[in-house]
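**Q** So the sequence shown is numbered by full-length UniProt numbering: it starts at 1 and just counts up by one.
Check the hints yourself; a few may be wrong.
In silico BS3-like cross-links for lysine-lysine, where the CA-CA straight-line distance does not exceed 25 Å [stated by the list, open to error]: (1) Lys82 <-> Lys71; (2) Lys53 <-> Lys38; (3) Lys53 <-> Lys39; (4) Lys52 <-> Lys38; (5) Lys71 <-> Lys56; (6) Lys39 <-> Lys52; (7) Lys56 <-> Lys66; (8) Lys82 <-> Lys66; (9) Lys115 <-> Lys101; (10) Lys53 <-> Lys73; (11) Lys66 <-> Lys52; (12) Lys82 <-> Lys95.
FRET-style restraints, in silico, Cβ to Cβ [what the hints assert, rightly or not]: (13) Ser85 <-> Tyr126: 56 to 66 Å; (14) Ser130 <-> Val159: 33 to 43 Å; (15) Lys56 <-> Gln36: 42 to 52 Å; (16) Gln138 <-> Met158: 26 to 36 Å; (17) Val27 <-> Glu48: 26 to 36 Å; (18) Glu125 <-> Leu89: 25 to 35 Å; (19) Arg156 <-> Arg135: 26 to 36 Å; (20) Gln87 <-> Leu47: 51 to 61 Å; (21) Glu48 <-> Arg9: 30 to 40 Å; (22) Glu149 <-> Tyr108: 33 to 43 Å; (23) Arg19 <-> Ala59: 28 to 38 Å; (24) Tyr126 <-> Leu106: 27 to 37 Å.
It should be emphasised that the hints constitute simulated quantities derived from the structure, not laboratory data.
We treat Cβ as the ideally placed atom computed from N, Cα and C, and that holds for glycine.
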Amino acid sequence: MAEMEDALRSCMEQLLIAREEREQIIVEAASEISSQQKKLRELQHSLEAANKKAAKLAAENNSLCKAMDAKDKLVRELRESKAASDQELSGAAAKLDAAQKQSASLQYEARMLQKELEVRSQEREYDLRSVDAARAQQAESLKKIAQLEGECQRLRAMVRKRLPGPAALAKMR
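Model the full structure from these sequences, guided by the hints.
**A** Given below as structure tokens:
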């Protein structure tokens, strides 16, 4: 029986060791589970934070996309406006060129008219001098005519005094 008691004691010791090992394993497992749960909670918090950050970044990305679309639209509008302005500028440049050509033509025409006016003024001055000369000559001629008529009257008077009758006067005329 001593053998059995020894065997029983040995079995009890093994059972006790097995229980202690099992308790140790349970404690370690509980500790591991607790550690894993803690890590899981930390990972869940990290996941929530990452999800919040992702949502925030998605909202920011959406906002940036909208801003970029608005800027793209503004760039298109500015390009269209620039094209329209360039076209207007080209038209204005063509009008300016045409106006400058017309101005040059009108200036040339004005110079020609000015020269023509100068020529006409000179002709008029020449004509006025000619008229003045003709008037002077006419006045001179009128003086001579008046002198000749006076001379004629004087001679007629003398002839009347010398000639006795109308027959002699008729001959003089």
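**Q** Would you mind marking each hint as holding or not holding in the structure?
**A** Evaluated hints:
{"no.": "1", "hint": "Lys82 <-> Lys71", "in the structure": "holds (16 Å)"}
{"no.": "2", "hint": "Lys53 <-> Lys38", "in the structure": "holds (22 Å)"}
{"no.": "3", "hint": "Lys53 <-> Lys39", "in the structure": "holds (20 Å)"}
{"no.": "4", "hint": "Lys52 <-> Lys38", "in the structure": "holds (21 Å)"}
{"no.": "5", "hint": "Lys71 <-> Lys56", "in the structure": "holds (22 Å)"}
{"no.": "6", "hint": "Lys39 <-> Lys52", "in the structure": "holds (19 Å)"}
{"no.": "7", "hint": "Lys56 <-> Lys66", "in the structure": "holds (15 Å)"}
{"no.": "8", "hint": "Lys82 <-> Lys66", "in the structure": "holds (24 Å)"}
{"no.": "9", "hint": "Lys115 <-> Lys101", "in the structure": "holds (21 Å)"}
{"no.": "10", "hint": "Lys53 <-> Lys73", "in the structure": "violated (29 Å)"}
{"no.": "11", "hint": "Lys66 <-> Lys52", "in the structure": "holds (21 Å)"}
{"no.": "12", "hint": "Lys82 <-> Lys95", "in the structure": "holds (19 Å)"}
{"no.": "13", "hint": "Ser85 <-> Tyr126: 56 to 66 Å", "in the structure": "holds (60 Å)"}
{"no.": "14", "hint": "Ser130 <-> Val159: 33 to 43 Å", "in the structure": "holds (41 Å)"}
{"no.": "15", "hint": "Lys56 <-> Gln36: 42 to 52 Å", "in the structure": "violated (29 Å)"}
{"no.": "16", "hint": "Gln138 <-> Met158: 26 to 36 Å", "in the structure": "holds (29 Å)"}
{"no.": "17", "hint": "Val27 <-> Glu48: 26 to 36 Å", "in the structure": "holds (31 Å)"}
{"no.": "18", "hint": "Glu125 <-> Leu89: 25 to 35 Å", "in the structure": "violated (52 Å)"}
{"no.": "19", "hint": "Arg156 <-> Arg135: 26 to 36 Å", "in the structure": "holds (30 Å)"}
{"no.": "20", "hint": "Gln87 <-> Leu47: 51 to 61 Å", "in the structure": "holds (58 Å)"}
{"no.": "21", "hint": "Glu48 <-> Arg9: 30 to 40 Å", "in the structure": "violated (56 Å)"}
{"no.": "22", "hint": "Glu149 <-> Tyr108: 33 to 43 Å", "in the structure": "violated (59 Å)"}
{"no.": "23", "hint": "Arg19 <-> Ala59: 28 to 38 Å", "in the structure": "violated (58 Å)"}
{"no.": "24", "hint": "Tyr126 <-> Leu106: 27 to 37 Å", "in the structure": "holds (30 Å)"}
The structure fails hints 10, 15, 18, 21, 22, 23 (numbered hints given earlier, in ascending order).
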